[in-house]
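Asker: Take a look at the letters that make up each chain.
2 protein chains.
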Amino acid sequence: MTSERKGIDPEKLTDFTLRVLNKAGIPEGDAKIAAQILVATDLRGIDSHGVGHLAMYVRNIRSGRTNPDPKTKITSNAASTAVMDGDRGFGLVVGYRAMTEAMRRAEETGAGFVTVRNSSHYGAGGNYAMMALPRDMIGISMTVGGMGMVAPGSVGQGVTINVLSVAAPSNQEAPFVLDMATTVVAAGKIEIAAREGKSLPEGWAVDKEGKPITDPRQFYQGGALLPMGGSPQTGSYKGFGLAVAVDILCRILSGAVPDQQYGGSHFFGALRIDGFMPVDQFRKAMDGMIQQYRELPKAPGIDRIYISGEVEQEIEKKRRAEGIPLHPAIIKSLEDIANELGVEYDL
Amino acid sequence: MTSERKGIDPEKLTDFTLRVLNKAGIPEGDAKIAAQILVATDLRGIDSHGVGHLAMYVRNIRSGRTNPDPKTKITSNAASTAVMDGDRGFGLVVGYRAMTEAMRRAEETGAGFVTVRNSSHYGAGGNYAMMALPRDMIGISMTVGGMGMVAPGSVGQGVTINVLSVAAPSNQEAPFVLDMATTVVAAGKIEIAAREGKSLPEGWAVDKEGKPITDPRQFYQGGALLPMGGSPQTGSYKGFGLAVAVDILCRILSGAVPDQQYGGSHFFGALRIDGFMPVDQFRKAMDGMIQQYRELPKAPGIDRIYISGEVEQEIEKKRRAEGIPLHPAIIKSLEDIANELGVEYDL
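Order-wise, the sequence lines are chains V and W. All residue numbers for the first sequence refer to this note's numbering, where the first residue is 1 and numbers rise by one. All residue numbers for the second sequence refer to this note's numbering, where the first residue is 348 and numbers rise by one.
In short, the hints are calculated from the structure, not lab data. Any given hint might turn out to be false.
For lysine to aspartate or glutamate, the following EDC-like pairs were computed, each having C-alpha atoms within a straight-line distance of at most 20 Å [what the hints assert, rightly or not]: (1) 665/W <-> 650/W; (2) 211/V <-> 650/W; (3) 555/W <-> 295/V; (4) 73/V <-> 621/W; (5) 645/W <-> 207/V; (6) 664/W <-> 375/W; (7) 208/V <-> 375/W; (8) 208/V <-> 642/W; (9) 298/V <-> 556/W; (10) 353/W <-> 682/W; (11) 558/W <-> 202/V; (12) 555/W <-> 303/V; (13) 420/W <-> 274/V; (14) 558/W <-> 303/V; (15) 211/V <-> 621/W; (16) 645/W <-> 274/V; (17) 298/V <-> 554/W.
Reference excerpt, derived from the structure (chain V facing chain W, CB under 8 Å, subset only) [stated by the list, open to error]: (18) 153; (19) 156; (20) 184; (21) 188; (22) 191; (23) 192; (24) 195; (25) 200; (26) 230; (27) 245; (28) 276; (29) 282; (30) 285; (31) 286.
What the simulated footprint calls covered on chain V by chain W, stretch by stretch (three residues with Cβ under 8 Å from a Cβ of chain W suffice, anywhere in the stretch; the number is not a length) [unchecked claim]: (32) 47-57; (33) 80-91; (34) 247-253; (35) 288-299; (36) 306-314.
Bear in mind the structure is a predicted one, so any value in this text is a computation, not a measurement. Cβ coordinates follow ideal geometry from the N, Cα and C atoms, glycine included.
Hey, can you work out the whole structure from these sequences and the hints?
Answerer: What follows is the structure, encoded as structure tokens:
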């Protein structure tokens with residue numbers, strides 16, 4: 001063990017998470033899907049979106065905000081496209097079903113797109129885009145997040161923190177997995193800084209008057225995250241534009257607005273690679289591209305150039321071998337949920 | 348006329364551009380399509396991508412680099428997806444054909460995607476995404492551009508300047524049209540600053556050693572544009588990741604690599620709105636969203652919050668009324684091409 005934190009076995013963590021979700025009211029099959037998604041997120045080092053959110057999810061189920069057993073419904077007027085009503089279900093379960101439906105349609109026509117309304121927080125967007133990889137497809141996943149971004153020219157939180165993810169398979173190299181918020185950083189990074197008492201780098205957030213801040217506490221006092229690009233001069237209208245594009249595909253195209261103003265809305269897409277070209281050729285060309293970028297001249301002090309998804313794959317290898325080093329605050333939250341629900345804590 | 352420059356009639360400019368392209372060897376129908384795209388770009392105020400490039404296009408045709416009469420070829424293994432070989436054609440003509448094909452497939456299945464290899468510079472990406480608007484579709488357009496971006500952790504130009512565009516129709520409001528390079532700014536902005544002898548804002552570009560620059564001349568001495576996001580701390584890996592995603596869809600999925608390393612490769616998509624929901628409902632919800640963003644609290648000194656596409660629509664209204672105020676250097680270049688080709692200059 002090289003980590004100072006205890007490495008938790010991913011299988012045991014999945015089983016524990018499954019039991020918690022199941023006890024909270026989610027049917028076993030769905031609980032298993034959600035547990036696997038959450039632990040996969042932690043395995044890949046995206047600590048802000050893994051089992052650290054389990055307490056929040058359970059709270060939302062127990063308060064009645066999230067429907068633990070949703071009757072999701074699909075409507076469609078075309079072979080390649082559909083809308084899913086998530087029936088206020090758990091976002092990880094609804095997202096899994098919707099991406100599965102997008103891939104089913106892509107099997108038939110080459111492309112499948114499903115937009116989703118009435119869902120809830122779906123965790124890390126990359127998980128759904130990555131579902132396409134073993135199916136030899138390119139995967140797309142988007143979601144509308146909670147309020148938190150300032151629009152260029154505005155002050156305060158007026159735009160949701162949206163997420164865009166694209167995944168494409170390679171051959172020997174790590175698959176390409178882009179998973180990004182349309183803000184400079186995800187809100188989870190502010191949470192982590194606040195929890196650890198650290199200050200924020202400049203360029204992440206502003207206070208309620210639009211002035212730059214480095215104290216994470218000011219974010220929670222009417223502050224906001226900047227759009228990707230930072231200031232208008234360095235392209236914040238692009239980050240805002242991407243956020244609105246995600247809004248359109250998730251909230252408008254699914255019929256979530258005006259009735260369901262800021263609820264969980266997602267958008268999923270799948271493109272079957274062999275609808276365009278032979279899969280082997282594609283995977284090998286991906287390897288070639290990744291290697292070409294890796295071989296670019298390095299800036300002083302840089303050992304390696306990383307393509308989206310490579311760092312996460314390295315972390316996953318390490319964590320599969322050594323366990324997942326959960327933050328003590330997260331371990332505490334898991335113990336608390338276990339106690340609250342009467343589930344055995346065995347991690 | 349409020350502009351100090353002479354406003355050129357868009358009809359006359361289209362006719363002139365058509366005649367120049369036709370004289371250079373492009374068949375009349377294709378020349379008309381390309382002329383309309385170029386003038387539409389100038390009408391929308393995207394001066395870096397309109398008729399200012401005409402001389403370059405003609406040069407590429409006359410040197411044999413661009414095929415003026417391409418026999419574009421479509422291959423496909425699925426109803427919703429296809430690959431187009433552009434036969435080294437003029438990007439504006441190839442792009443128009445490929446987007447038309449994507450929309451034809453979207454008519455049938457709800458979604459259509461066409462990736463393109465062996466094309467050339469296709470102008471402003473928004474033009475093709477906007478072709479979807481009158482068809483009640485959401486349009487997507489991407490292209491690989493010329494070398495010019497530095498990868499995070501690298502020095503020098505190692506990544507192409509890629510472009511991503513999304514367009515969606517509204518009702519009374521301007522349509523949403525996002526049209527962005529995955530760099531902090533498009534290379535055209537550096538060209539304009541160099542031409543006008545102005546310095547660059549900080550955060551746009553670096554010199555050959557990776558140090559920030561404000562002198563546009565240093566960009567042309569081994570410098571590079573920064574990815575959207577600027578530095579790794581403020582999300583440059585997102586801009587790089589978006590650039591690679593565009594690479595994958597344009598160059599890898601079309602089979603452009605490894606044979607055609609950095610030639611013109613594009614990607615087009617169309618989603619038929621009524622495959623998801625009623626078009627009227629969508630358009631009205633778009634208006635509602637745009638109005639909601641417009642009504643956000645304004646920062647001091649800000650009169651209005653703009654959504655992607657609104658500024659361009661305002662410029663278009665003005666230019667349709669007052670003519671297009673081309674830069675004197677561009678007018679000179681048009682006169683020179685007219686002389687060179689023996690085409691009457693009547694602007």
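Asker: Hint by hint, say whether it matches the structure.
Answerer: Against the structure, the hints come out as follows:
{"no.": "1", "hint": "665/W <-> 650/W", "result": "19 Å, holds"}
{"no.": "2", "hint": "211/V <-> 650/W", "result": "18 Å, holds"}
{"no.": "3", "hint": "555/W <-> 295/V", "result": "17 Å, holds"}
{"no.": "4", "hint": "73/V <-> 621/W", "result": "18 Å, holds"}
{"no.": "5", "hint": "645/W <-> 207/V", "result": "14 Å, holds"}
{"no.": "6", "hint": "664/W <-> 375/W", "result": "28 Å, violated"}
{"no.": "7", "hint": "208/V <-> 375/W", "result": "57 Å, violated"}
{"no.": "8", "hint": "208/V <-> 642/W", "result": "17 Å, holds"}
{"no.": "9", "hint": "298/V <-> 556/W", "result": "10 Å, holds"}
{"no.": "10", "hint": "353/W <-> 682/W", "result": "15 Å, holds"}
{"no.": "11", "hint": "558/W <-> 202/V", "result": "19 Å, holds"}
{"no.": "12", "hint": "555/W <-> 303/V", "result": "18 Å, holds"}
{"no.": "13", "hint": "420/W <-> 274/V", "result": "18 Å, holds"}
{"no.": "14", "hint": "558/W <-> 303/V", "result": "18 Å, holds"}
{"no.": "15", "hint": "211/V <-> 621/W", "result": "43 Å, violated"}
{"no.": "16", "hint": "645/W <-> 274/V", "result": "49 Å, violated"}
{"no.": "17", "hint": "298/V <-> 554/W", "result": "14 Å, holds"}
{"no.": "18", "hint": "153", "result": "4 Å, holds"}
{"no.": "19", "hint": "156", "result": "6 Å, holds"}
{"no.": "20", "hint": "184", "result": "5 Å, holds"}
{"no.": "21", "hint": "188", "result": "14 Å, violated"}
{"no.": "22", "hint": "191", "result": "17 Å, violated"}
{"no.": "23", "hint": "192", "result": "15 Å, violated"}
{"no.": "24", "hint": "195", "result": "19 Å, violated"}
{"no.": "25", "hint": "200", "result": "10 Å, violated"}
{"no.": "26", "hint": "230", "result": "6 Å, holds"}
{"no.": "27", "hint": "245", "result": "5 Å, holds"}
{"no.": "28", "hint": "276", "result": "5 Å, holds"}
{"no.": "29", "hint": "282", "result": "6 Å, holds"}
{"no.": "30", "hint": "285", "result": "5 Å, holds"}
{"no.": "31", "hint": "286", "result": "6 Å, holds"}
{"no.": "32", "hint": "47-57", "result": "violated (count 0)"}
{"no.": "33", "hint": "80-91", "result": "holds (count 4)"}
{"no.": "34", "hint": "247-253", "result": "holds (count 6)"}
{"no.": "35", "hint": "288-299", "result": "holds (count 7)"}
{"no.": "36", "hint": "306-314", "result": "holds (count 3)"}
In terms of the numbered hints stated before, the structure departs from hints 6, 7, 15, 16, 21, 22, 23, 24, 25, 32, listed from lowest to highest.
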